[in-house]
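Chemist: The residues making up each chain are set out below.
There are 2 protein chains.
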Amino acid sequence: MGVIRKTKSVETLLAIFENNKDAVSAVQLIDLLKEKMNKTTIYRILERLQNDGIVHSFMDKDGLKWYATCHGCSAKQHIDIHPHFQCQNCGKVDCLSVDIKIPMIPNRQINFSQVLLIGKCESCL
Amino acid sequence: MGVIRKTKSVETLLAIFENNKDAVSAVQLIDLLKEKMNKTTIYRILERLQNDGIVHSFMDKDGLKWYATCHGCSAKQHIDIHPHFQCQNCGKVDCLSVDIKIPMIPNRQINFSQVLLIGKCESCL
DNA sequence: ATTACTTTTGCAACCAAGTTGCATTAAGTA
DNA sequence: TACTTAATGCAACTTGGTTGCAAAAGTAAT
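Protein sequences appear in the order of chains A and U.
Okay, so the first sequence: first residue is 175 according to the numbering used here, each after it adds one.
Okay, so the second sequence: first residue is 175 according to the numbering used here, each after it adds one.
Certain hints may be false.
When chains are identical, the list treats them as one kind, so a pair holds in a single copy or across two.
[What the hints assert, rightly or not] The calculated lysine to any residue pairs, modelled on SDA-like cross-linking and capped at a C-alpha distance of 20 Å, are:
#, residue 1, residue 2
1, 275, 219
2, 210, 251
3, 294, 245
4, 294, 283
5, 235, 292
6, 208, 190
7, 266, 252
8, 210, 288
9, 213, 298
10, 275, 215
11, 266, 279
12, 235, 256
13, 266, 233
14, 250, 296
15, 210, 287
16, 235, 296
17, 180, 225
18, 210, 226
19, 266, 283
20, 210, 298
21, 235, 225
22, 210, 252
23, 250, 178
24, 180, 201
Since the hints were derived computationally from the structure, they do not count as laboratory data.
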């Protein structure tokens, strides 16, 4: 497990997550930062941030990867599990701070869950 | 909206879904049927079956597309919404017949949801 | 059956997201 | 300053899925 060095690229990405309550997709980041860093670098930094409990990732309705800031997570474990919402009109995704009850499933061990609610956001209604 | 013709390829796919309670991924189908039909054909038939309410599709934890038989759906609407379970060890996915309560979210219109529970299946425990 | 019409299929080429290998560069440390 | 190791850029690659188009196969009427 490599140590995370505070490189310019890492700072740049951290700044984006700090100023952003919504989730951000890898594709958006690659486009946003295409002048500043390579897409490989972006993917690799995101992976490190995730391993360190700083961000979490999830898949959207189209199978694209999104990232958002974690709250209360660490390298040891991700405890900040919550549903995400995606607007089927504009594609925007955000984290929802509601609690979803995951039922017990017989004969299976549930470790975590991905809940994606799909609909229309406020500005697309 | 084209009529679905009962071609050999369609029959083959329908037979697979009939004999299969679990979900099947597009990749699995392509591999399974690689001697019998083209992958383009598989994707197109799956799309038609979905439009007709015969199967439903969803994304797994890695962003791959999975399909499973619908119950009580039609071309008009998909009412068979339920969570799915994926084993993080063997990758198998199945449909769960439990009801998950989706909370009201202020200022948003929720149209449907994708719930994926991730853990270990019976044979991988 | 034959014809005419429309859907379906195969193929090849393509696209986009994400990954890998490797040489180079930049952090952290003594 | 020099050393060690992590981080980066680049190009090439992998993979899941899509598109355009000509050829083949369903379907229904004659």
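Chemist: Run the structure past the numbered hints and jot down the numbers of the failing ones, going up.
Modeler: Violated: hints 1, 2, 3, 7, 8, 9, 10, 14, 15, 18, 20, 22, 24.
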